[in-house]
Amino acid sequence: MIEFEGVRKTYPDGTTAVDGIDLTIPAREITVLVGSSGCGKTTLLRMVNRMIDPTAGTVSIDGEDVGSLDPVRLRRRIGYVMQNGGLLPHRSVLDNITTVLRLNRVPRAQARARGLELMDTVSLDRGLASRYPAQLSGGQQQRVGVARGLASDPNILLMDEPFGAVDPIVRAELQRELLRVHRELAKTIVFVTHDIDEAFLLGDRVVILRTGGVIAQQGTPAEILAHPADDFVAGFIGADSGQRRLRVVERDGARIVVDRHDRPVGLLDADTPAHSDRR
Amino acid sequence: MSVFLEGIAWLFSPDRLSGPNPLPERLAEHLGYTLLALVIAAVIAVPLGYLIGHTGRGRDLAVGLSGAARALPSLGLLFVLTLLVGIGDAPVAATIVFVVLGIPPILAGAYAGFESVDRRVVDAARSVGMTPLQVALRVEAPLGLPLLIAGVRSAALQIVSTAVLAAYVNLGGLGIYLQRGIQLRSYDEMIGGAIVVVLLAFAIDGFFALLQRLCTPAGVRVAGGAAQTTRGRRHRRPATPRGAAQ
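Top to bottom, those sequences are chains A and B. Letter 41 of the first sequence, counting from 1, is numbered 41 in my numbering, and no numbers are missing. Heads up, my numbering is the position in the second sequence plus 279, with the first residue counted as 1.
Since the hints were derived computationally from the structure, they do not count as laboratory data. Glycine included, every Cβ here is placed at the ideal spot set by N, Cα and C. Mixed in with the good hints, there may be bad ones.
Some but not every residue of chain A turned toward chain B, in silico, with C-beta under 7 Å [stated by the list, open to error]:
(1) 51
(2) 72
(3) 90
(4) 100
(5) 103
Excised from the complex, chain A in its bound form (with noise of 0.2 Å):
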């Protein structure tokens, strides 16, 4: 569990990034902060890696204060996924995967196996272990990525906007990928996207903040969804637009759902009762 109290950020310039944030992260789980540049999300983020200190307020994990912590060490316990991979261009792929695993002094041979095994975790093929991440796309580099996050088996995963530079089938590709991970090692993730619709696929927690760094709402997608905040939110999530709002229409005997404006966005399942799980 990750906890933010009285959480402030001023730059010397004056700029504030966050403004007083209260925030519970729960363990095991997806939480998305989402919001448009300027809404502090990343800044959230790499406050609990103390890649930024606080200038007020403190963040904790599991009730241990991270200000009282070493920052070198709590880094090495904490994964962490970056757009366009942040891998190191002069190491191998394995090299790049195990970087942490080396930095915590695990052997050689026992590192190598464990990066491979990641490789399979990440569905990324064992004989690109060898290659240098300029030879991998844009996809493969961000898979190496995550595979590196998980390298040091952390309990916290921390994901600053990780697909945001590849292109939508990879990234759907990818954000399947993840839900599985995530089903299967059930890490406690941090993920922070500008995309609304990423923060609804993937989050089992939303948070949605403005700019000035607050938090605008925090809910399940369906708590969101149902009861938009207020304007802000109502206008960041789309509802206000019409592309939430859908309706059944019958169509050569299917039933389309259709927005507001009449588009076709889906077909409604024939037998299908009301699930009132999401997933």
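For this one, chain A is given, so just place chain B on it according to the hints.
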């Protein structure tokens, strides 16, 4: 016969291996001064340049001091220092002059190498839990190595061509032929000596060009175009990490 051909004839004369100034001996002296000065300059400038490149601090001071050092007239400095330390310690004076000459390009190569590393890569290295020293030695140093070697290359060329001044304080080296040539009006000796200095400079330049290629990390070399964009990029540190935990 043209002076140039006379110089070549002088160069290949069997007398070059005997007499008071055998060519191999003077060549070795010249190389020795160059190498010694280069090593001392590197020992001073590389850590300093790395520190500047890693912290992003003191860059303006370094640029200013480097500019001043470059502007110093080497011959004048050599005479002044020789008078200061005494003619008996002329080698010390000469070495200092060559070191002063070698520091600016190596310093610039060292910090430019660090600065050329993509800030996102450095950020990634920190966020997986590398200490600042590990970031410097395992990420910034290898990725910045080609630019550092370029700096050392430039320093070596400057030193090897300036080392002819050693002869002016009786320290030999290849400059002895130039100095004697001027005094004795033996132009063949002067040209011959100059040819050796030029060839030596070419050889050193070629050596470092090769080294520069070999020192480019494989992962960067395969990137091809990607390496080009990373190179020469002068990222100033973004404002955000300033308040960040180091």
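Hints, one by one, checked against the model:
| no. | hint | in the structure |
| --- | --- | --- |
| 1 | 51 | 6 Å, holds |
| 2 | 72 | 5 Å, holds |
| 3 | 90 | 3 Å, holds |
| 4 | 100 | 5 Å, holds |
| 5 | 103 | 6 Å, holds |
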